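> Given next are the chains, with one letter for each unit.
There are 2 protein chains.
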Amino acid sequence: MSSNLTKLRKHALQIFKAGLRAVDPVAAINQYVTVSNSVLSIGKQQFDLKDYDRILVVGAGKAVAPMAKAMEEHLGNRIAAGVIVTKDEHGLPLKKIRVCEASHPVPDARGVAGTESILALLETAAERDLIICLISGGGSALLIAPVEEISLADKQDTTKLLLACGATIHEFNTVRKHLSRAKGGRLAQKAYPATVTSLILSDVVGDDLDVIASGPTVPDSSTFHDAEQILKGYGAWDQLAANVRKHLKKGSAGQIADTPKPGDAAFEKCSQVLVGTNLQALQAAGQKAQKLGYHPLILSSKVEGEAREVATFYAAIAKEILSSRNPMQPPVCVLAGGETTVTISGEGRGGRNQEFALAAAMAIDGAKNVVVLSVGTDGTDGPTDAAGAMADGATLARARQKNMDPKDFLRRNDSYRFFQKLDDLVMTGPTRTNVMDIYMLLIGSV
Amino acid sequence: MSSNLTKLRKHALQIFKAGLRAVDPVAAINQYVTVSNSVLSIGKQQFDLKDYDRILVVGAGKAVAPMAKAMEEHLGNRIAAGVIVTKDEHGLPLKKIRVCEASHPVPDARGVAGTESILALLETAAERDLIICLISGGGSALLIAPVEEISLADKQDTTKLLLACGATIHEFNTVRKHLSRAKGGRLAQKAYPATVTSLILSDVVGDDLDVIASGPTVPDSSTFHDAEQILKGYGAWDQLAANVRKHLKKGSAGQIADTPKPGDAAFEKCSQVLVGTNLQALQAAGQKAQKLGYHPLILSSKVEGEAREVATFYAAIAKEILSSRNPMQPPVCVLAGGETTVTISGEGRGGRNQEFALAAAMAIDGAKNVVVLSVGTDGTDGPTDAAGAMADGATLARARQKNMDPKDFLRRNDSYRFFQKLDDLVMTGPTRTNVMDIYMLLIGSV
Chain V
1 MSSNLTKLRK
11 HALQIFKAGL
21 RAVDPVAAIN
31 QYVTVSNSVL
41 SIGKQQFDLK
51 DYDRILVVGA
61 GKAVAPMAKA
71 MEEHLGNRIA
81 AGVIVTKDEH
91 GLPLKKIRVC
101 EASHPVPDAR
111 GVAGTESILA
121 LLETAAERDL
131 IICLISGGGS
141 ALLIAPVEEI
151 SLADKQDTTK
161 LLLACGATIH
171 EFNTVRKHLS
181 RAKGGRLAQK
191 AYPATVTSLI
201 LSDVVGDDLD
211 VIASGPTVPD
221 SSTFHDAEQI
231 LKGYGAWDQL
241 AANVRKHLKK
251 GSAGQIADTP
261 KPGDAAFEKC
271 SQVLVGTNLQ
281 ALQAAGQKAQ
291 KLGYHPLILS
301 SKVEGEAREV
311 ATFYAAIAKE
321 ILSSRNPMQP
331 PVCVLAGGET
341 TVTISGEGRG
351 GRNQEFALAA
361 AMAIDGAKNV
371 VVLSVGTDGT
381 DGPTDAAGAM
391 ADGATLARAR
401 QKNMDPKDFL
411 RRNDSYRFFQ
421 KLDDLVMTGP
431 TRTNVMDIYM
441 LLIGSV
Chain H
1 MSSNLTKLRK
11 HALQIFKAGL
21 RAVDPVAAIN
31 QYVTVSNSVL
41 SIGKQQFDLK
51 DYDRILVVGA
61 GKAVAPMAKA
71 MEEHLGNRIA
81 AGVIVTKDEH
91 GLPLKKIRVC
101 EASHPVPDAR
111 GVAGTESILA
121 LLETAAERDL
131 IICLISGGGS
141 ALLIAPVEEI
151 SLADKQDTTK
161 LLLACGATIH
171 EFNTVRKHLS
181 RAKGGRLAQK
191 AYPATVTSLI
201 LSDVVGDDLD
211 VIASGPTVPD
221 SSTFHDAEQI
231 LKGYGAWDQL
241 AANVRKHLKK
251 GSAGQIADTP
261 KPGDAAFEKC
271 SQVLVGTNLQ
281 ALQAAGQKAQ
291 KLGYHPLILS
301 SKVEGEAREV
311 ATFYAAIAKE
321 ILSSRNPMQP
331 PVCVLAGGET
341 TVTISGEGRG
351 GRNQEFALAA
361 AMAIDGAKNV
371 VVLSVGTDGT
381 DGPTDAAGAM
391 ADGATLARAR
401 QKNMDPKDFL
411 RRNDSYRFFQ
421 KLDDLVMTGP
431 TRTNVMDIYM
441 LLIGSV
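Taken in sequence, the protein lines are chains V and H. Read in order, the letters of the first sequence are residues 1 to 446 in my numbering. Read in order, the letters of the second sequence are residues 1 to 446 in my numbering.
Check each hint, because a few of them may be wrong.
Here's a subset of chain V near chain H, in silico, CB distances under 7 Å, partners left out [what the hints assert, rightly or not]:
(1) Q290
(2) K291
(3) V310
(4) K319
(5) D385
Covered by chain V, per the in silico footprint, the following chain H stretches (three or more residues, Cβ under 8 Å) [what the hints assert, rightly or not]:
(6) 296 to 302
(7) 308 to 314
(8) 324 to 334
Hints in this document: simulated from the structure, not taken from any laboratory. Nothing here was measured: the structure is a model prediction, and the numbers come from that model. Where a beta carbon is used, it is the ideal one built from N, C-alpha and C, also for glycine.
In isolation and in its complexed conformation, chain V is listed as follows (with noise of 0.2 Å):
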């Protein structure tokens, strides 16, 4: 390899660590949190502690076990309870909050008596308590409260029927939220008359905050209506379980109170911070991409699509580069983040980011000076041990030169096994994190 293409990908690296750096759960909370004087600020947002009488933290989701120990090194004994829900072996020993573990994805009964949990200490929370709400990737799973009428059962019978109709994640949130007693909002109406600040860490394309965790401390949108419509519209309605139609029945009916909506009493003293975002992995890679001499150019933190596709469009973007210096001069760093899908044809074993890196290098065979990386900032690519993998102009020739057809792996989804061969995978270990997947071009000087 040359000596160029060997200090790119390094390069590479070394800026996609500083990106997840920026969203390790505990920088996250550090970044935005301190407390002097007796008061804690958060982002823009200040909290005189002496007009509390307690301070309660919950949360759920896969990143909230440091997020929460962060929280308890700011405010120590200060904390007077707490409940969160994380994922198996996701824990960590606190000192005032209680960690509950769980079945993730796939909820369980001990995901179920952790939430309930965090709604009978906030049920006692009064006007002058402060909630403060821990929120990441993973609790939409994790935060599962059913309503009283629904078991755990029925409520996932729901979801996979939606699953196998293709529903938008809108459509799908739209349904849980009128089924749960946590999501939609229903967790800040628990707080009220207490004060509630969320920070949250988010795994959602857009971060949208009625989306993240199914948006436990913000304003619904939706209605029971909407619900009973959309199951409808799918022909899935008559598939339910029936006291699972009933619930929904009886919401369009009236006669259960809706989630809360924008303008709800609940929200008056309810606010969020953003903590950790895509975005944020993105700008603090390029300022890294910045300090090694390349120019950082941030395309978006919103990408969606077939995995194999966005490569291609990223491909094409860099040779563009190489052949008129359009959109920009290199050494140049092209930064993108988000979540892409793939479509499975194929029986091989990969995730969307070793699947992008591949058809990103099949795009820029025989290029000089490129490095494609794509990584998943949790440190899990699929059913994989890899975060994703990285590839240049050369890959293409190693693989030949190993007998490696790129178009027989991508046709079988079986870029694991292609990276895993050249030794090009991205290997992080679980980083605790999670702000979705950084896709990088780095183009060297020419």
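Go by the hints and put chain H onto chain V.
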């Protein structure tokens, strides 16, 4: 419609038309060609006409009639003779150059006859002749001269077979260059020892000279053996006509001279100038955008991929600009170009540009101050009379008012009817040029 949006939409069309004007065949020729004091300048090349006994003009493609007319205006009676082959109804009355019309995209006997006339004329070319070769999109089907052993029907069957295999454009060209007396540098070989200069309007992503019209005047690095391997690799070898197999076999065995390779004497006096490319259109569009007060950002002229996926990525850039002002501060005009594809699953009516605009409309629903335009520079998008379509953040709201479900139109590949009902088709009529498509994102001050 708000006055801001009306202005943005007007500007989007003005910017597109500025791009189009730059690649009009006549404008493209005139931008590069001048004659002064008996010196013909084509870009940086100069030809002292006193050094040449004859100027011959040949060419093939959908845009070569206006290109040839422009050359006649520059050179008048200095042109000794000429023959061009263009698509039916794409001819123009010329003075010195004979115009042959033929079928496109499926070649016919008139195309073969026209190409024979070109080859016969070049057969007479001598050392002190200057051959001006005009090439534009469509040249592959119009410059059609099967080798003697093979009929036009045999050659077409071979092409259909490759199409059914899903062969890449590179593989296609490797095979057809080895069944032709004009493609893959054979035209330059025929003109030898004359001087040959080609003026090329590119309709190919990446503007590769050996791909445009199958590279009649440039070296071909592929071999008879490669052609044979490609057909065998797809399991198509045994389905070929016996005389096609025999020809390729003889070539592989060295009994027929291969296409001329880089370094061949045939190219010693050969030169090429790209007089019109997608990038040139984007740059002219960018200049117009700047005049209208928008910061231009040229992302790539090399875009490929599924139309709706590319549109989603494009929309992600729009959303980032609106929410974080990355990569640029509005007002901004993001330009890209190339040629997307549509995987047809429905029975609707549309084209790749209209489908791009429909998918973009869905992705930017509700966004303020954004217009997306996707238009083919040839004026014809798919089997429709539209060149493309325009969408904005209010497009879906207007569709809903008419009880139109955009998801349904997209599923049925029915983008033409969608935009027809909203009066948002872009109609240019046939433009007589083709540098593929232009994708524009126009965002006003926010």
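> Take the hints in turn and mark each one as holding or not.
Here is how each hint holds up against the structure:
Using the Cβ-Cβ criterion of 7 Å, the hint placing Q290 of chain V at the interface with chain H is not satisfied: the shortest such distance is roughly 14 Å. Restraint check, K291 of chain V versus chain H: the minimum CB separation of about 18 Å is more than 7 Å; hint violated. Evaluation of the V310 of chain V hint against chain H yields a held restraint, the C-beta minimum of about 6 Å falling below 7 Å. Nearest Cβ of chain H to the Cβ of K319 of chain V: about 5 Å, under the 7 Å cut. The hint holds.
Residue-level restraint check for D385 of chain V is violated (minimum Cβ-Cβ distance to chain H is 28 Å; threshold 7 Å). As drawn, the segment 296 to 302 of chain H meets chain V at 6 residues by the rule of a beta-carbon pair under 8 Å; at three or more, the given contact holds. Only residues whose C-beta sits within less than 8 Å of a C-beta in chain V count toward coverage, and the segment 308 to 314 of chain H has 4 of them, enough to reach three; the restraint holds. Residue count for the segment 324 to 334 of chain H with a Cβ under 8 Å from a Cβ of chain V: 3. That meets the three needed, and the coverage hint holds.
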